[in-house]
Amino acid sequence: MRKGGPRREGNYTNPCLTMHQPWASLLVHGIKRIEGRSWPAPIRGRLWIHAASKVPDEATIKAMEDFYREIYAVNGITDLKFPEHYPVSRLLGCVEVVGCLRCEELAQWEVLPEGVRLEGQTDFCWLCEQPKKLLIPFEMRGFQRVYNLEKKIYEAAVRGLVPVEGPAPVKFPLPNPRDPFSLKPGSISVSCPDSKASAVEQSSSLSAAIAGARAAATQFSKDSNLHKSTIQRSTPESTSSEVQTILVEDNGMPDSNLNEESVKANSASNPCGYFEEERSCSHNQSPAHLKQHPGAPSKIFAAALRGLKPS
Numbered sequence: 448m449r450k451g452g453p454r455r456e457g458n459y460t461n462p463c464l465t466m467h468q469p470w471a472s473l474l475v476h477g478i479k480r481i482e483g484r485s486w487p488a489p490i491r492g493r494l495w496i497h498a499a500s501k502v503p504d505e506a507t508i509k510a511m512e513d514f515y516r517e518i519y520a521v522n523g524i525t526d527l528k529f530p531e532h533y534p535v536s537r538l539l540g541c542v543e544v545v546g547c548l549r550c551e552e553l554a555q556w557e558v559l560p561e562g563v564r565l566e567g568q569t570d571f572c573w574l575c576e577q578p579k580k581l582l583i584p585f586e587m588r589g590f591q592r593v594y595n596l597e598k599k600i601y602e603a604a605v606r607g608l609v610p611v612e613g614p615a616p617v618k619f620p621l622p623n624p625r626d627p628f629s630l631k632p633g634s635i636s637v638s639c640p641d642s643k644a645s646a647v648e649q650s651s652s653l654s655a656a657i658a659g660a661r662a663a664a665t666q667f668s669k670d671s672n673l674h675k676s677t678i679q680r681s682t683p684e685s686t687s688s689e690v691q692t693i694l695v696e697d698n699g700m701p702d703s704n705l706n707e708e709s710v711k712a713n714s715a716s717n718p719c720g721y722f723e724e725e726r727s728c729s730h731n732q733s734p735a736h737l738k739q740h741p742g743a744p745s746k747i748f749a750a751a752l753r754g755l756k757p758s
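Going by the numbering used here, the sequence shown opens with residue 448, and the numbers climb by one from there.
Do not take every clue at face value.
As the list claims (entries may be wrong) - Here are the simulated DSSO-like cross-link-like pairs (lysine-lysine), alpha carbons at most 30 Å apart as the crow flies:
no.: 1; residue 1: K599; residue 2: K579
no.: 2; residue 1: K579; residue 2: K528
no.: 3; residue 1: K579; residue 2: K598
no.: 4; residue 1: K579; residue 2: K631
no.: 5; residue 1: K501; residue 2: K579
no.: 6; residue 1: K509; residue 2: K599
no.: 7; residue 1: K598; residue 2: K631
no.: 8; residue 1: K618; residue 2: K631
no.: 9; residue 1: K598; residue 2: K501
no.: 10; residue 1: K509; residue 2: K618
no.: 11; residue 1: K599; residue 2: K501
no.: 12; residue 1: K528; residue 2: K501
no.: 13; residue 1: K528; residue 2: K618
no.: 14; residue 1: K618; residue 2: K579
no.: 15; residue 1: K509; residue 2: K528
Claimed, not checked - Using C-beta positions, here's what the derived DEER-type ranges look like:
no.: 16; residue 1: Q649; residue 2: P534; range: 30 to 36 Å
no.: 17; residue 1: G633; residue 2: A662; range: 29 to 35 Å
no.: 18; residue 1: E551; residue 2: N522; range: 17 to 23 Å
no.: 19; residue 1: T665; residue 2: P622; range: 31 to 37 Å
no.: 20; residue 1: S651; residue 2: D626; range: 41 to 47 Å
no.: 21; residue 1: P487; residue 2: L582; range: 28 to 34 Å
no.: 22; residue 1: A655; residue 2: G523; range: 15 to 21 Å
no.: 23; residue 1: D504; residue 2: K618; range: 33 to 39 Å
Honestly, the hints are just simulated from the structure, not real lab data. Quick reminder that beta carbons are idealized off the backbone N, C-alpha and C, glycines included.
The whole structure should be built from the sequences, with the hints applied where relevant.
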């Protein structure tokens, strides 16, 4: 990554993604190399990872750790060390997003280890490299989809990053090394037209682990994770107000498991652009202004930074 010249699509300066645990920590610790979404990655380059406020239950943690044990075992790696803790409502670190493929393309990309190809269980697979974690994760609030970190948060966080050596780091080769966006949906089908998904012999334990991981992920698409929010609207011509009820996501959850049409409908009826809590929207505030994260580092983190030298 060229200093001062991050490569990305869209209007992002310090992009961040809120994820549920344990997925967030698994990604920052280099165990998870593919981030699954129902929508393609809008960026290339550094992506900050924030853990949502929902505390993961033991069954979900076990399901995901079992999943990664099994897919790493396919390539002979059996000594995985998982995070000791899965903190919530914290900025954890960052990864480099180098490309995005559809799951069927990832499955047929023979240059990758079998375990990496097994990670692709969603429509779009964000390819992640170079994980880094914060020495001291600090508290902040997350938002839906990819959003910009506020400048002061970024400047504080970037000083506390340390590289993480995952159990089996992967380098995703660009079809065109001169084009950082050449690794995108459709690129593998074009550059490797004869490639076919090689069959990975699945043991009963691997099949069970995949099924468990899918079940753990789909729990967030259930109605129990959607709550009703009311928006009160009034017009200058009338003293009456219109109250509209919409479904929004709890805990700032990324919408990878939500129907895309539902997301669009919710976004249209919620101009504030964040889904973490029930909030009243002021028509005097623009969505762009609200999407910039206004949070600040915790006192502990701020104190710790005084002892760190700028990178």
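Is it true that the CA of K599 sits at most 30 Å from the CA of K579? holds (19 Å)
Starting from K501, check that the Cα of K579 is at most 30 Å away, please. Holds - the C-alpha atoms of K579 and K501 are around 22 Å apart, at most 30 Å.
Between Q649 and P534, is the Cβ distance one that fits in 30 to 36 Å? About 33 Å separates the Cβ atoms of Q649 and P534, which means 30 to 36 Å holds.
So if I understand the rule, the pair passes when the alpha-carbon distance is 30 Å or less; does K598 with K631 pass? It holds: about 29 Å lies between the C-alpha atoms, which stays within 30 Å.
Within a Cα-Cα threshold of 30 Å, do K618 and K631 meet the stated pairing? holds (15 Å)
Is the Cα-Cα distance between K509 and K528 30 Å or less? holds (13 Å)
Given the range 33 to 39 Å, decide if the beta-carbon distance of D504 to K618 lies inside it. holds (35 Å)
Measuring from beta carbon to beta carbon, are T665 and P622 in 31 to 37 Å? With Cβ atoms ~32 Å apart, the hint holds.
When you check the alpha-carbon spacing of K598 and K501, does it fall within 30 Å? OK: K598 and K501 at ~26 Å, within 30 Å.
Quick check on a hinted range of 41 to 47 Å for S651 and D626, using CB atoms only. For S651 and D626 the Cβ distance comes to about 43 Å; the hint holds.
With a cut-off of 30 Å on the C-alpha distance, tell me whether K579 and K631 pass. Holds, because 23 Å separates the two Cα atoms, which is no more than 30 Å.
Are the Cα positions of K618 and K579 separated by 30 Å at most? Distance ~15 Å between K618 and K579 Cα, so the pair holds.
Checked against the numbered hints given earlier, the structure breaks only hint 6 and satisfies all the rest.
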